[in-house]
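Enquirer: Sequence:
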Amino acid sequence: MTSQATQEVDWYQVVVTDKNGLTGNSVVEFVGPLIRRLGASAVGMSDLEGAIPELKDYERRVISPTDFLRKAAGATQFDWAFLFLYVKRPTVELQAVADDKESMLQADLTIRLADDTYFYVYGRDHDLMNDLRQRYPEAEFKVAKFSGLDIPY
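Just so you know, the sequence shown maps onto residues 1 to 153 in our numbering.
No wet-lab data here; the hints were simulated from the structure.
Each hint should be verified, as a subset may be incorrect.
Claimed, not checked - Each computed BS3-like pair below joins lysine-lysine, with the alpha-carbon atoms no more than 25 angstroms apart: (1) Lys142 / Lys19; (2) Lys145 / Lys88; (3) Lys88 / Lys56; (4) Lys88 / Lys101; (5) Lys142 / Lys101; (6) Lys56 / Lys19; (7) Lys19 / Lys88; (8) Lys145 / Lys101.
Use the sequences and the hints to build the structure in full.
Expert: And the structure:
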């Protein structure tokens with residue numbers, strides 16, 4: 001699907017508040033099931049901020065889900081991050097992609113860790129996002145075109 005066509009389809013946004021403050025363990029507990037449910041084979045990262053020593057050198061890089069979960073577990077706290085999940089490893093490295101929104105369009109699922117508190121999840125898979133909504137009934141839920149998504153910076 002081209003970037004333009006991807007922008008015109010319905011996107012789902014789920015916002016979950018993390019009462020643990022985006023610790024490494026809470027990120028692993030939240031992201032791990034999404035990786036498995038999606039069948040992700042790669043995780044890309046950008047805008048990495050926080051006490052995340054094992055991931056500091058992985059800005060704009062793609063690693064295996066196993067490596068990501070292992071390194072994320074060692075974090076004290078994520079302040080901010082984009083996590084891009086891919087079913088098939090991307091053919092273009094993240095360093096070559098213009099910006100985070102373009103990376104979101106290419107990913108199968110994106111998780112935005114925001115302000116030490118929130119998981120913003122963006123995707124086009126209705127069933128996966130509905131499952132997430134049921135798992136977190138208190139979460140905010142939105143359906144919009146790509147331009148209508150709330151992406152915190």
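Enquirer: Would you mind marking each hint as holding or not holding in the structure?
Expert: Hint-by-hint comparison with the structure:
1. Lys142 / Lys19: holds, 21 angstroms
2. Lys145 / Lys88: Given that 25 angstroms is the threshold and the Cα spacing comes to 24 angstroms, the pair holds.
3. Lys88 / Lys56: holds, 24 angstroms
4. Lys88 / Lys101: This hinted pair holds, its Cα atoms lying about 19 angstroms apart.
5. Lys142 / Lys101: Holds: Lys142 and Lys101 sit about 18 angstroms apart, inside 25 angstroms.
6. Lys56 / Lys19: holds, 24 angstroms
7. Lys19 / Lys88: Violated: Lys19 and Lys88 sit about 32 angstroms apart, past 25 angstroms.
8. Lys145 / Lys101: It holds: about 13 angstroms lies between the C-alpha atoms, which stays within 25 angstroms.
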